[in-house]
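A.B. asks: Sequence:
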Amino acid sequence: MRSLILAVQFLTRLPTPQLKTFDPAWLADAARWFAPVGLLVGAVVWLAVLAGSLLDPWLAALLGLLAWLWVTGGLHLDGLADLADAQGAAHRSRERFLEVLKDPHLGSFGVMSMAMQLIAKLVLLMLLLKFSLAEAGVSQGALYSPDALRLSELPDGLIALAANLAPLLLVPAWARLFTVAWSATLPSLAAGSGERFAWRTHWPSFWLNAALLAAASYWLAPALLLAPLAGLWWWAYLKRKLGGMTGDCLGAGIELCESLLLLLLLVPQ
376 MRSLILAVQF LTRLPTPQLK TFDPAWLADA ARWFAPVGLL VGAVVWLAVL AGSLLDPWLA
436 ALLGLLAWLW VTGGLHLDGL ADLADAQGAA HRSRERFLEV LKDPHLGSFG VMSMAMQLIA
496 KLVLLMLLLK FSLAEAGVSQ GALYSPDALR LSELPDGLIA LAANLAPLLL VPAWARLFTV
556 AWSATLPSLA AGSGERFAWR THWPSFWLNA ALLAAASYWL APALLLAPLA GLWWWAYLKR
616 KLGGMTGDCL GAGIELCESL LLLLLLVPQ
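In case it helps, the numbering used here puts the sequence shown at residues 376 to 644.
Because the hints were derived from the structure by calculation, they are not lab data.
Treat the hints with caution; some may be incorrect.
[Stated by the list, open to error] Cut-off 30 Å, straight-line C-alpha distance, at most; resulting in silico cross-link-like pairs (DSSO-like, lysine-lysine):
1) Lys395 <-> Lys477
2) Lys616 <-> Lys477
3) Lys614 <-> Lys477
Hey, can you work out the whole structure from these sequences and the hints?
C.D. replies: See the structure below:
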């Protein structure tokens, strides 16, 4: 289970057994578990949103966002900020791009990209909860009015809401599955974690995970069957704009694809 433990340690802040030794080559094997670990991330966010929905929809969205940041440690958001800074300062210079990408300091482009991404996820989570409440047949007045029944007093409504929010579990899983394909099919621009993932690609596990996610999407949210288009869009962007990928590019892709998939969940089924 070493590769699974490494995948959980790399992608989340969840507690795991500690490995006595570490070899960077093991990260390539860990990539096969990225989609299942994404389901764990989704489960944490799903529980936070569901818990917050007992009090207020905006609180639910905020708790979901905070849970998302906590469980990932902001790893991918950092990649988005670094990529934004590098692209903003590169001026078509590859050397300058890689130089800024490695700089640990945060610039104005990075700050703006992080702010917009956090706002986008907060609003999308709020809208997803709002639509889920409507589909569950539970009015917001019945949930949040001091004079009305609370959701905790409406077990049927709680179960229906939990089921309608279930597609949220799949969003982080799809986004992390894409990184396996990106790292395997794009040349590495610099040494790092992104390059290590490409040392060995487990295509059988990739297609198995893709098939399982597609089946779950068909059952829970058919709109997510379009999820691979988001992964293909980011792959095409990196190929055309940068000519390859780094670990920051993979992290940025995860963040942007998660937002796109949340938007897909708002499409009427």
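A.B. asks: State for each hint whether it applies.
C.D. replies: Each hint, compared with the structure:
Between Lys395 and Lys477 the CA atoms are separated by roughly 29 Å; this keeps the pair inside 30 Å, and the hint holds. A distance of roughly 18 Å separates the Cα atoms of Lys616 and Lys477; the hinted pair therefore holds under the 30 Å criterion. For the proposed pair Lys614 and Lys477, the alpha carbon gap of about 20 Å is at most 30 Å, so the pair holds.
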